[in-house]
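Number of protein chains: 2
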Amino acid sequence: MAVKKIGKQTVRLKNPPSIISTYSIVGPKEGDGPLKEYFDFILQDDLCGQKTWEKCESKILEDAIKMAIKNAQLSEKKVEYVLAGDLLNQIISSSFAVRNLGIPYFGLYGACSTMAESLSLGSMLIDGGYADYLVCATSSHFCTAERQFRFPLELGNQRPPTSQWTVTGAGAAVLSSNGLGPYITHVTTGKVVDAGIKDVNNMGAAMAPAAADTIIQHFKDTGYRIDDYDLIITGDLGIIGKEIAEEFITKAGYDISKIFTDCGIEIFDNERQDTHAGGSGCGCSASVFCGYIYKLLKDKTLNRVLLISTGALHSTTSSQQGESIPGIAHAVTISNTKE
Amino acid sequence: MAVKKIGKQTVRLKNPPSIISTYSIVGPKEGDGPLKEYFDFILQDDLCGQKTWEKCESKILEDAIKMAIKNAQLSEKKVEYVLAGDLLNQIISSSFAVRNLGIPYFGLYGACSTMAESLSLGSMLIDGGYADYLVCATSSHFCTAERQFRFPLELGNQRPPTSQWTVTGAGAAVLSSNGLGPYITHVTTGKVVDAGIKDVNNMGAAMAPAAADTIIQHFKDTGYRIDDYDLIITGDLGIIGKEIAEEFITKAGYDISKIFTDCGIEIFDNERQDTHAGGSGCGCSASVFCGYIYKLLKDKTLNRVLLISTGALHSTTSSQQGESIPGIAHAVTISNTKE
Numbered sequence: 036m037a038v039k040k041i042g043k044q045t046v047r048l049k050n051p052p053s054i055i056s057t058y059s060i061v062g063p064k065e066g067d068g069p070l071k072e073y074f075d076f077i078l079q080d081d082l083c084g085q086k087t088w089e090k091c092e093s094k095i096l097e098d099a100i101k102m103a104i105k106n107a108q109l110s111e112k113k114v115e116y117v118l119a120g121d122l123l124n125q126i127i128s129s130s131f132a133v134r135n136l137g138i139p140y141f142g143l144y145g146a147c148s149t150m151a152e153s154l155s156l157g158s159m160l161i162d163g164g165y166a167d168y169l170v171c172a173t174s175s176h177f178c179t180a181e182r183q184f185r186f187p188l189e190l191g192n193q194r195p196p197t198s199q200w201t202v203t204g205a206g207a208a209v210l211s212s213n214g215l216g217p218y219i220t221h222v223t224t225g226k227v228v229d230a231g232i233k234d235v236n237n238m239g240a241a242m243a244p245a246a247a248d249t250i251i252q253h254f255k256d257t258g259y260r261i262d263d264y265d266l267i268i269t270g271d272l273g274i275i276g277k278e279i280a281e282e283f284i285t286k287a288g289y290d291i292s293k294i295f296t297d298c299g300i301e302i303f304d305n306e307r308q309d310t311h312a313g314g315s316g317c318g319c320s321a322s323v324f325c326g327y328i329y330k331l332l333k334d335k336t337l338n339r340v341l342l343i344s345t346g347a348l349h350s351t352t353s354s355q356q357g358e359s360i361p362g363i364a365h366a367v368t369i370s371n372t373k374e
Numbered sequence: 036m037a038v039k040k041i042g043k044q045t046v047r048l049k050n051p052p053s054i055i056s057t058y059s060i061v062g063p064k065e066g067d068g069p070l071k072e073y074f075d076f077i078l079q080d081d082l083c084g085q086k087t088w089e090k091c092e093s094k095i096l097e098d099a100i101k102m103a104i105k106n107a108q109l110s111e112k113k114v115e116y117v118l119a120g121d122l123l124n125q126i127i128s129s130s131f132a133v134r135n136l137g138i139p140y141f142g143l144y145g146a147c148s149t150m151a152e153s154l155s156l157g158s159m160l161i162d163g164g165y166a167d168y169l170v171c172a173t174s175s176h177f178c179t180a181e182r183q184f185r186f187p188l189e190l191g192n193q194r195p196p197t198s199q200w201t202v203t204g205a206g207a208a209v210l211s212s213n214g215l216g217p218y219i220t221h222v223t224t225g226k227v228v229d230a231g232i233k234d235v236n237n238m239g240a241a242m243a244p245a246a247a248d249t250i251i252q253h254f255k256d257t258g259y260r261i262d263d264y265d266l267i268i269t270g271d272l273g274i275i276g277k278e279i280a281e282e283f284i285t286k287a288g289y290d291i292s293k294i295f296t297d298c299g300i301e302i303f304d305n306e307r308q309d310t311h312a313g314g315s316g317c318g319c320s321a322s323v324f325c326g327y328i329y330k331l332l333k334d335k336t337l338n339r340v341l342l343i344s345t346g347a348l349h350s351t352t353s354s355q356q357g358e359s360i361p362g363i364a365h366a367v368t369i370s371n372t373k374e
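Protein chains in written order, with my numbering: chain A, 36 to 374; chain B, 36 to 374.
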C-alpha cells in the first residue's frame, strides 16, 4: 500500500529530509536586481571565462553543485545522487556539469519546473531510505535560451510585453536524512495541463493553469489552510501568469492573494530593468529558492513555504508543427518543523 | 540512514515492485526483424496516421502507455505517476504523450538510458510507499532522431559502419506494489563517464565505458556472481560498443561473455537489414525489454536479468562546440523471485 500518499497527488514524507545547504549563482543583470544581497555569487559577465554561453551555463551549475556540497561540509564522495536538469536540448548543461563529479546521476526534464521536480524526487529518495545525501540542482542562461528557443542574440529582436526574461542562474540544494531543517514535508506532483495557448511569447499564460491545478490539488490533498503557509511562491509565471493563476485559485475558493508571489516577479525590478513580464527559466526558481527563500527559512523570517516551479513543455519543433504549449507545475512544502 | 543502500551505487528494494504488464510498439523495420513475434504492435508505416514523425512518436508512446495500463486491467485513474522521457529536444514526445492522461508526471532525460532510469526511479517510488501503480515509458523514432541529430532524411546521407540505427519504437511498463512478478529487486544508478570520444557516428564507443562501469559496480555492490544471472543485456551499445564494454568488464575480472548481449544487436538482423552497428534510441531497450525480455521472464525462460540501458549525453550544440560525448548507464535487476 502507498502508505505515504495523501489525497490524489500528494505524498507526506515520514522522515522529511533536511535541506542542509544551498548555493546560488546568478548573472550580472540578476545580481543588479532586488535580491542581489541574497545570491551567493554574482557573475561579472555572461561567459564567466568560458568560450561559449553553453559552457558558461554548465560551469555555473557545476560550481553551484560543488559549493553547495562544500557548504554542507561534505566530501563529494559522501553524496549519493545528483538530480539535475535544464532547458537546453538534451540537458547538456546538467550532463556536462556532473561529468567530473563521479556521483550517480538522474537527468530530469521539466522545463522551468525542474527545481521542484528534483526536490520532489530527491526528497522521496532520502525519505525512502535510498540515500543520506543528495543534490538537487538546475540552471538556465539568458543567452543559451534565447538563441535556442527564439532568435540569434545578435538580431536584437523586439520582445513583446508578455515575454519573460530567462534568468542566468543556477541553484543547488543538498538534502540529507539528518539535519536541523528546513525540511521538505510534502510533495505534490503535477499533471500536464494544456489550455491551448500557442503564443511562445506568453509562457506565463501557458503555465498558469498547471500552477493553479497543482496548488488547488495541494490544498485539497493536505487539508492545509492558506494561513498554514507564510509564503506561496510559483516558479516563474511572471506578472501575467501569476494574475491568471491567482484568478483560477480564487475561483476555486482559495484566497491566497496575501501570501502569493512569483520568483520571476521577485528577481527583477521590472520598472528599472525592463524585463517585461518578469523572469523565467529553470535557474529562476532555483536561484530564488536557493539564494533567497532558503535564507529566510533559516533565519525564521518564514516558517512554512509552498514552492511551485512551473514549466512550459514545448519545443521549437512542436510549436512549428502547430502544437499548443502544455504546462506542468510541481509543488513542495518546505517547513522549519517536520509537520 | 540509507537502509536500502548496498555498496556505492546500488539500492536493494525491500518490497520489490512487480512489473504487472508491458506494451511495445515498433516501426515496420523493427517489425521485420528477429524479434517480430514478440512485439505487441507493429506499425504499417512511420507516420501511423499522423502528420509528422514527431507526432507519430508521441502517439505511439501514448498508445504504449495506455495499452500497458489496459493490459494491467487498471483504469487510468488508478495510475499515480508516469515517468517518461525521450530523445527529442525538450522531450516533447513524452510531454505530449501524457497530456491527455491526467496522471502526475515526472519528465526524465537520460538519452537512451531512459528506460532503465524510469524503471529505477519508478521502482523506488513504489518500494518507498509513494505509489501503488505507476508507468515507466519511453520512445524513439528513426526519422525524428535522424533529422534532429544528423541530417535531413531527404539528403540520403551515407552512414559510416560505426553508426547505429535509431529504433522506431515505444515501450511502457506498469509497476505495482502488488503482483506476481517479475520483480525489480536492485537498482544500480550510473555515473556520467566521459572517455573523450568525439565521433557522433560512434555512440557505441562513447557509451561502452559507462556501461562497463555500471555493470562492474553492480557486481561489486551486490556480491552477485555471473551465474546468478540468466542474461545481462545492455540498452544499445550495438556491435562495436558491446565488444568494448565486454573487454573492460573481462579485464575487471568478470567473464560475462556467455550471457551478455545487447538490445541493439538483438532487434535487427544486421546482415539482411543493413543497420551497421545495430539499433539504438530510447525505444530500443524499451521495446526489446517490454516486448521480448519481459515475455521470456513471464514464461520462465529467463529468471533473473540485468537490464542496463545506456545513454550518450551530448547534443548537436555540444558537439559543434568541440565537446566529447559523455555516457551514462543505469542498471536494474529484474527477477522472478523477490530475492
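Note that these hints are calculated values from the structure, not bench results.
Be a bit skeptical, because a hint or two may be false.
[To be verified] Straight-line distance between alpha carbons at most 30 Å, and here's what the computed DSSO-like set of lysine-lysine pairs gives:
hint	chain 1	residue 1	chain 2	residue 2
1	A	K40	B	K113
2	A	K113	B	K105
3	B	K105	A	K43
4	B	K335	A	K39
5	A	K90	B	K112
6	A	K105	A	K255
7	B	K39	A	K49
8	B	K255	A	K105
9	A	K113	B	K255
10	B	K255	B	K105
11	A	K71	A	K40
12	B	K40	A	K255
13	B	K233	B	K39
14	B	K112	A	K40
15	B	K39	B	K333
16	B	K113	A	K39
17	B	K101	A	K39
18	B	K335	B	K86
19	A	K373	B	K255
20	B	K333	A	K112
21	B	K40	A	K40
This one's a predicted model, so the numbers in the text were calculated from it and none came from an experiment.
Hint check results:
no. : hint            : result
1   : A:K40 - B:K113  : holds (13 Å)
2   : A:K113 - B:K105 : violated (42 Å)
3   : B:K105 - A:K43  : holds (20 Å)
4   : B:K335 - A:K39  : violated (34 Å)
5   : A:K90 - B:K112  : violated (43 Å)
6   : A:K105 - A:K255 : violated (39 Å)
7   : B:K39 - A:K49   : holds (16 Å)
8   : B:K255 - A:K105 : holds (28 Å)
9   : A:K113 - B:K255 : holds (18 Å)
10  : B:K255 - B:K105 : violated (39 Å)
11  : A:K71 - A:K40   : violated (38 Å)
12  : B:K40 - A:K255  : violated (34 Å)
13  : B:K233 - B:K39  : violated (37 Å)
14  : B:K112 - A:K40  : holds (15 Å)
15  : B:K39 - B:K333  : holds (27 Å)
16  : B:K113 - A:K39  : holds (16 Å)
17  : B:K101 - A:K39  : holds (26 Å)
18  : B:K335 - B:K86  : violated (41 Å)
19  : A:K373 - B:K255 : violated (36 Å)
20  : B:K333 - A:K112 : violated (39 Å)
21  : B:K40 - A:K40   : holds (23 Å)
Hints 2, 4, 5, 6, 10, 11, 12, 13, 18, 19, 20, counting from the list given before, are not met by this structure.
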